[in-house]
Amino acid sequence: MKLIYEQSVAGRPGVKLPAADVPRAAALPASLLRKEAAGLPEVSEMDVVRHYTNLSRLNFSVDTNFYPLGSCTMKYNAKVLENVAGLFAPYHPMTPLLPTGERFSQGALGLLHELGGWLAEITGMDEVTTQPLAGAHGEMTGIMLIAAYHRAKGNKKKYVVVPDSSHGTNPASAAMVGYEIITVPTAPYGDMDLELFRQAMNDEVAAVMMTCPNTLGLFNPHIKEIADIAHSHGALMYYDGANLNAILGKVRPGDVGFDVIHVNLHKTFGTPHGGGGPGSGPVGVKKSLVPFLPTPRVVKKDDGSYGLETEHPASIGRLANFFGNFGVMVKAFAYMTMLGREGLIQVSEQAVLNANYIMSRLKDLFEVPYDQTCMHECVFSASRQLKQGVHAIDIAKYLIDRGYHPPTVYFPLIVKEAIMIEPTETESKATMDAFIAVMREAAEAAEKDPEALHTAPVSMPVSRLDETKAAREQNVCHMKW
Amino acid sequence: MSDANYCPNTPEEIGEMLAAIGVASVEELFAPIPAALRASSFDLPDGMSEFELFQRMQTLAGRNTQGMINFIGGGYYDHVIPAVVDHLSGRAEFYTAYTPYQPECAQGTLQALFEYQTAICRLTGMEVANASLYDGATALAEAAMMALRVTNRNRLVMDGGVSPFTRQVVRTYLTNLDVEIVEIAPQQGGTDQTAMLAALNEQTAAVLVQNPNFFGTLDDLTGLADAAHAKGALLVASVYPISLGLVQSPGDMGADIAVGDGQSLGNPLSFGGPSFGFIATTKKYIRNLPGRIIGETVDREGRRGYVLTLQAREQHIKRHKATSNICSNQSLCALRGLIFLASIGKQGFTELARLNYDKAEFAKSTLAAVKGVTVVNCGATFNEFTLALPKSADEVVVKLLQSHVAAGVPLAAYYPGMENCLVVTVTEKRTKDEILALARELERAL
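From first to last, the protein sequence lines are chains A and B.
In terms of my numbering, the first sequence has 19 at position 19, counting the first letter as 1, and numbering is strictly consecutive.
In terms of my numbering, the second sequence has 249 at position 249, counting the first letter as 1, and numbering is strictly consecutive.
Note that these hints are calculated values from the structure, not bench results.
Note that this is a predicted model, so its numbers are computed, not measured.
Mixed in with the good hints there might be a few duds.
[Unchecked claim] Coverage of chain B stretches by chain A, computed from C-beta distances (three or more under 8 angstroms per stretch; other residues unrestricted):
{"no.": "1", "stretch": "271–277"}
{"no.": "2", "stretch": "285–299"}
{"no.": "3", "stretch": "318–324"}
[Claimed, not checked] Derived DSSO-like pairs (lysine-lysine); straight-line CA-CA distance at most 27 angstroms:
{"no.": "4", "chain 1": "A", "residue 1": "Lys224", "chain 2": "A", "residue 2": "Lys156"}
{"no.": "5", "chain 1": "B", "residue 1": "Lys321", "chain 2": "B", "residue 2": "Lys284"}
{"no.": "6", "chain 1": "A", "residue 1": "Lys301", "chain 2": "B", "residue 2": "Lys399"}
{"no.": "7", "chain 1": "B", "residue 1": "Lys283", "chain 2": "A", "residue 2": "Lys35"}
{"no.": "8", "chain 1": "B", "residue 1": "Lys318", "chain 2": "B", "residue 2": "Lys283"}
{"no.": "9", "chain 1": "B", "residue 1": "Lys399", "chain 2": "B", "residue 2": "Lys371"}
{"no.": "10", "chain 1": "A", "residue 1": "Lys35", "chain 2": "B", "residue 2": "Lys284"}
{"no.": "11", "chain 1": "B", "residue 1": "Lys318", "chain 2": "A", "residue 2": "Lys469"}
{"no.": "12", "chain 1": "A", "residue 1": "Lys35", "chain 2": "B", "residue 2": "Lys429"}
{"no.": "13", "chain 1": "A", "residue 1": "Lys429", "chain 2": "A", "residue 2": "Lys363"}
{"no.": "14", "chain 1": "A", "residue 1": "Lys363", "chain 2": "A", "residue 2": "Lys416"}
{"no.": "15", "chain 1": "B", "residue 1": "Lys321", "chain 2": "A", "residue 2": "Lys156"}
{"no.": "16", "chain 1": "A", "residue 1": "Lys153", "chain 2": "A", "residue 2": "Lys16"}
{"no.": "17", "chain 1": "A", "residue 1": "Lys156", "chain 2": "A", "residue 2": "Lys287"}
{"no.": "18", "chain 1": "B", "residue 1": "Lys283", "chain 2": "B", "residue 2": "Lys231"}
{"no.": "19", "chain 1": "A", "residue 1": "Lys158", "chain 2": "B", "residue 2": "Lys321"}
{"no.": "20", "chain 1": "B", "residue 1": "Lys321", "chain 2": "A", "residue 2": "Lys469"}
{"no.": "21", "chain 1": "A", "residue 1": "Lys469", "chain 2": "B", "residue 2": "Lys284"}
{"no.": "22", "chain 1": "B", "residue 1": "Lys429", "chain 2": "A", "residue 2": "Lys16"}
{"no.": "23", "chain 1": "A", "residue 1": "Lys448", "chain 2": "A", "residue 2": "Lys387"}
{"no.": "24", "chain 1": "B", "residue 1": "Lys231", "chain 2": "A", "residue 2": "Lys469"}
{"no.": "25", "chain 1": "B", "residue 1": "Lys283", "chain 2": "B", "residue 2": "Lys321"}
{"no.": "26", "chain 1": "A", "residue 1": "Lys286", "chain 2": "A", "residue 2": "Lys301"}
{"no.": "27", "chain 1": "A", "residue 1": "Lys2", "chain 2": "A", "residue 2": "Lys16"}
{"no.": "28", "chain 1": "A", "residue 1": "Lys286", "chain 2": "A", "residue 2": "Lys224"}
{"no.": "29", "chain 1": "B", "residue 1": "Lys318", "chain 2": "A", "residue 2": "Lys158"}
{"no.": "30", "chain 1": "A", "residue 1": "Lys429", "chain 2": "A", "residue 2": "Lys250"}
{"no.": "31", "chain 1": "B", "residue 1": "Lys432", "chain 2": "A", "residue 2": "Lys16"}
{"no.": "32", "chain 1": "A", "residue 1": "Lys301", "chain 2": "A", "residue 2": "Lys287"}
{"no.": "33", "chain 1": "A", "residue 1": "Lys416", "chain 2": "B", "residue 2": "Lys318"}
{"no.": "34", "chain 1": "A", "residue 1": "Lys2", "chain 2": "B", "residue 2": "Lys283"}
{"no.": "35", "chain 1": "B", "residue 1": "Lys399", "chain 2": "A", "residue 2": "Lys300"}
{"no.": "36", "chain 1": "B", "residue 1": "Lys321", "chain 2": "A", "residue 2": "Lys416"}
Even glycine gets a Cβ: it sits at the ideal position worked out from N, Cα and C.
Excised from the complex, chain A in its bound form (with noise of 0.2 angstroms):
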């Protein structure tokens, strides 16, 4: 499709702007002033409109298609969602900060309270922070949260220590905040090899991240004794909230043993994914590390109000300009709201019956690295298609074509060929049955005719595209004006 600068035409108005009712004032002195205006397109509305329309069509989506994308909870995000954030979009969030503002924004701040305490109820800790902007924000603050307390006690810690098969951005943030990363090699088992973390651990150490379940989607029994280990060395416990999903009800990552974790409310409270965010990454802590959460912090006070607490001596600071990402926790209070406590309990028991039913399903086809019960997904190998010359993308091209959304492939990095499916609790046994039958064609293709995978897809607008010349060339911005 062309590109809306390339049908721009020099002179079409846009939209209608309000009516200039001041008169025009001096212009702004030379050195100040743009000398050309910026090359934005000149398009009607309509044009907007059908570009748009028409550019969404080219999309998967989680409303078109069946989404198992393997980490990133694919759920249907329900309409009524998007009707009850609009009711919060005219609220400016510098109204609570202003003197006496407080008392004007009573219904924000009454909400992020509100869904504060249950998030901490879900995850079994005892202060939360809503204002990280995304999982790997929360991470961060997370990890932030961690180093304040270890400076505070006078600790000297130099590590974070990560399990092989952790997400990316778990080394990642650990290394923003200033640390060194110790990788722990899986074991046979399908998780943390227990031996080697005893090994790698020492008074050093200032946390351990952990998935859990993992991301392999199994549950680790041996956490308990992992948190006990890392407490001994003075380490604090970190949960990554991306796979809440699978305990929702059943396991309270506080109560086992963690001390900090991030929840994605873009993932397990049903918010959508906006084609790659926002996210909403809130973090949750234990009573030792509430001195250091960032501020404004919401409080209810003695009459009932709801204030901000703008200052705290220990406090990390501020991670972002206001409260996080308010919109996307309008949406997730919605849904938590919506489903109530059983309703989040039958969330975790549907998603993990799913997962276990394409597992079941499919692994006579596909080799299982890891047989045994999974969570909320289950990791495949191409390993045997690949004795064809059949890679995992292979078959996530030819999913393309039949109208599924790829799981999640080479990832994670310890599986070789993975698939990683993650069909989340609202898809139907209908929906499954037919994936599971193309998986199957696929497998069957894979012996037949790889040639057949190799060229997909074929219906789409592009076929696969060139990644080297992309990277080479670097062209990320049209030139032309």
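Let chain A serve as the given structure and place chain B on it in line with the hints.
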């Protein structure tokens, strides 16, 4: 199960699935979790229907004061949002997709983000941009870290005219790294050029400025850029995108990295988020950019298409050696920014900036005519300006809030010694009548 909770399977289907797996109950699937690790509590309210939810949310939203007339900014601005922005970004194919890892079935998102990157480059006068960061504050922090990497130095000089919130975010990001941050206090609401230049040395990685700054003052950054470059440092400028319809771009003023908050481009106030951060730089620094970047390429048939590119910078590949830990960004908000810019258009965007400037100038002269009120800014302003009042600005703001006018941001909490100062914001949405009413209320409050 009586309630759907968006879980569609019937008891019969669940039975069939359990049989296929070879277990007797769903609970059996949770057997790998030892009993001792089970949740000790899960005390949450009962659920409710969509209808009841909507009523509850209406009540909650209604506890915020309705109809406040905003002359406050402070980083978030009350601008018009054309109806097409909501409608098009509300296309489920956009908002229920995720990061475009599989380009063949994500060309919609990829092309839109390529168009977005193009718009950011054109607005800022830079050569390359990424596909968004979280917000303007974290974008400045990321830019600072990028400058530290590029120069391999460990010192930053930050203008005190940068938003106090944003300065806090930058400091928080850098607390645990071995970095010295020198802050230069502003003079008369503007950059203290002499002190800034004196603070530059051979260890300085970057100079961080905001234009217009927190007081609304505009500055020609050219001299500062030259001075920074002479010491081998980068100039990082945080800019307010709407101003770029009228004001010289950071690129043309010599900035090496331009960042900012995209809220004003088609994203509602929404109590502070979500918006998006943008970051743009010159070609030579592209490999140091944080976050996703979309690049143009061709498919096997030679057709143009778009992919995530230079991914070897990112956390999912480089892990702890990545340029940033960012994974999810603010894609949908960036898309809103793009649709906003496309629907307003080239001429419209210039007019919009002009409208903000004209209305603010009108407000500035009107309010400065109130007895005892003077303008603090040492130079030109865009759509925000700072007034010195004959009494505490906090008191005045409190008084005007009672008539549901948010008169501005008083500076007592942020700049000691400026207790009588008030930053007033005037966007295109404020009418002449509202401005005149503000002047009357102000007069009464003094």
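Structure-based check of each hint:
{"no.": "1", "hint": "271–277", "result": "holds (count 5)"}
{"no.": "2", "hint": "285–299", "result": "holds (count 9)"}
{"no.": "3", "hint": "318–324", "result": "holds (count 6)"}
{"no.": "4", "hint": "Lys224(A) x Lys156(A)", "result": "24 angstroms, holds"}
{"no.": "5", "hint": "Lys321(B) x Lys284(B)", "result": "20 angstroms, holds"}
{"no.": "6", "hint": "Lys301(A) x Lys399(B)", "result": "23 angstroms, holds"}
{"no.": "7", "hint": "Lys283(B) x Lys35(A)", "result": "23 angstroms, holds"}
{"no.": "8", "hint": "Lys318(B) x Lys283(B)", "result": "21 angstroms, holds"}
{"no.": "9", "hint": "Lys399(B) x Lys371(B)", "result": "18 angstroms, holds"}
{"no.": "10", "hint": "Lys35(A) x Lys284(B)", "result": "25 angstroms, holds"}
{"no.": "11", "hint": "Lys318(B) x Lys469(A)", "result": "20 angstroms, holds"}
{"no.": "12", "hint": "Lys35(A) x Lys429(B)", "result": "26 angstroms, holds"}
{"no.": "13", "hint": "Lys429(A) x Lys363(A)", "result": "17 angstroms, holds"}
{"no.": "14", "hint": "Lys363(A) x Lys416(A)", "result": "16 angstroms, holds"}
{"no.": "15", "hint": "Lys321(B) x Lys156(A)", "result": "23 angstroms, holds"}
{"no.": "16", "hint": "Lys153(A) x Lys16(A)", "result": "60 angstroms, violated"}
{"no.": "17", "hint": "Lys156(A) x Lys287(A)", "result": "21 angstroms, holds"}
{"no.": "18", "hint": "Lys283(B) x Lys231(B)", "result": "21 angstroms, holds"}
{"no.": "19", "hint": "Lys158(A) x Lys321(B)", "result": "16 angstroms, holds"}
{"no.": "20", "hint": "Lys321(B) x Lys469(A)", "result": "24 angstroms, holds"}
{"no.": "21", "hint": "Lys469(A) x Lys284(B)", "result": "18 angstroms, holds"}
{"no.": "22", "hint": "Lys429(B) x Lys16(A)", "result": "13 angstroms, holds"}
{"no.": "23", "hint": "Lys448(A) x Lys387(A)", "result": "12 angstroms, holds"}
{"no.": "24", "hint": "Lys231(B) x Lys469(A)", "result": "36 angstroms, violated"}
{"no.": "25", "hint": "Lys283(B) x Lys321(B)", "result": "21 angstroms, holds"}
{"no.": "26", "hint": "Lys286(A) x Lys301(A)", "result": "21 angstroms, holds"}
{"no.": "27", "hint": "Lys2(A) x Lys16(A)", "result": "25 angstroms, holds"}
{"no.": "28", "hint": "Lys286(A) x Lys224(A)", "result": "16 angstroms, holds"}
{"no.": "29", "hint": "Lys318(B) x Lys158(A)", "result": "20 angstroms, holds"}
{"no.": "30", "hint": "Lys429(A) x Lys250(A)", "result": "23 angstroms, holds"}
{"no.": "31", "hint": "Lys432(B) x Lys16(A)", "result": "18 angstroms, holds"}
{"no.": "32", "hint": "Lys301(A) x Lys287(A)", "result": "19 angstroms, holds"}
{"no.": "33", "hint": "Lys416(A) x Lys318(B)", "result": "18 angstroms, holds"}
{"no.": "34", "hint": "Lys2(A) x Lys283(B)", "result": "24 angstroms, holds"}
{"no.": "35", "hint": "Lys399(B) x Lys300(A)", "result": "24 angstroms, holds"}
{"no.": "36", "hint": "Lys321(B) x Lys416(A)", "result": "22 angstroms, holds"}
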